[in-house]
Amino acid sequence: KKAIIDPSLFKYKVQPIKKELYETVIVKASQLSRRKHLFSRDRLKLFLKQHCEPHDGVIKTKATSIAKYNLAEQNFSYFFPDDPPTFVFSPASRRRGRPPKRASTSLEDEIPAKQSTQGNKSKVAREKTRFQKQKE
Numbered sequence: 001k002k003a004i005i006d007p008s009l010f011k012y013k014v015q016p017i018k019k020e021l022y023e024t025v026i027v028k029a030s031q032l033s034r035r036k037h038l039f040s041r042d043r044l045k046l047f048l049k050q051h052c053e054p055h056d057g058v059i060k061t062k063a064t065s066i067a068k069y070n071l072a073e074q075n076f077s078y079f080f081p082d083d084p085p086t087f088v089f090s091p092a093s094r095r096r097g098r099p100p101k102r103a104s105t106s107l108e109d110e111i112p113a114k115q116s117t118q119g120n121k122s123k124v125a126r127e128k129t130r131f132q133k134q135k136e
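For the sequence shown, UniProt numbering gives the first residue as 1, with consecutive numbering after it.
Calculated directly from the structure, the hints in this document are not laboratory data. Virtual Cβ for every residue (Gly too), placed ideally from N, Cα, C. Check the hints yourself; a few may be wrong.
Derived DEER-like restraints, expressed as beta-carbon distance ranges [unchecked claim]:
1. 33 x 79: 15 to 21 Å
2. 123 x 89: 21 to 27 Å
3. 128 x 74: 21 to 27 Å
Starting from the given sequences, assemble the full structure and let the hints guide the process.
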């Protein structure tokens, strides 16, 4: 496995937005920074909305963004100098979400509902102990 490269050794090629007024400059990592309130959660959400979309539970980059920034021509090593990460496989969650509420709220309907939630709690407890045994 390759050794991790020290980030302070990087040099960055900074290209100006208005190329006719400024020239491209190469700077050290220590010379780059951003203003304090330039990056926020709201701006990140906006960025993700503009450039990403969900596909089968996975967030993927939109085709328009891939074409605009020539991302199809790049690979992982173009953006990151180290080896690609290896992720441990984790199976999909089996939780099913809440069952829909019933419209009727008579006293007779509430009794079985309470009994079923008690059954669900014991089922959850059984699954929890089963997972703990698997971990051991």
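Hint by hint, here is what the structure shows:
1. The supplied range of 15 to 21 Å is met by residue 33 and residue 79, whose beta-carbon atoms lie about 20 Å from each other.
2. As the Cβ distance of residue 123 to residue 89 is approximately 26 Å, the hint placing it in 21 to 27 Å holds.
3. Here the CB-CB span from residue 128 to residue 74 is close to 44 Å, at odds with the stated 21 to 27 Å.
Checked against the numbered hints given earlier, this structure breaks only hint 3.
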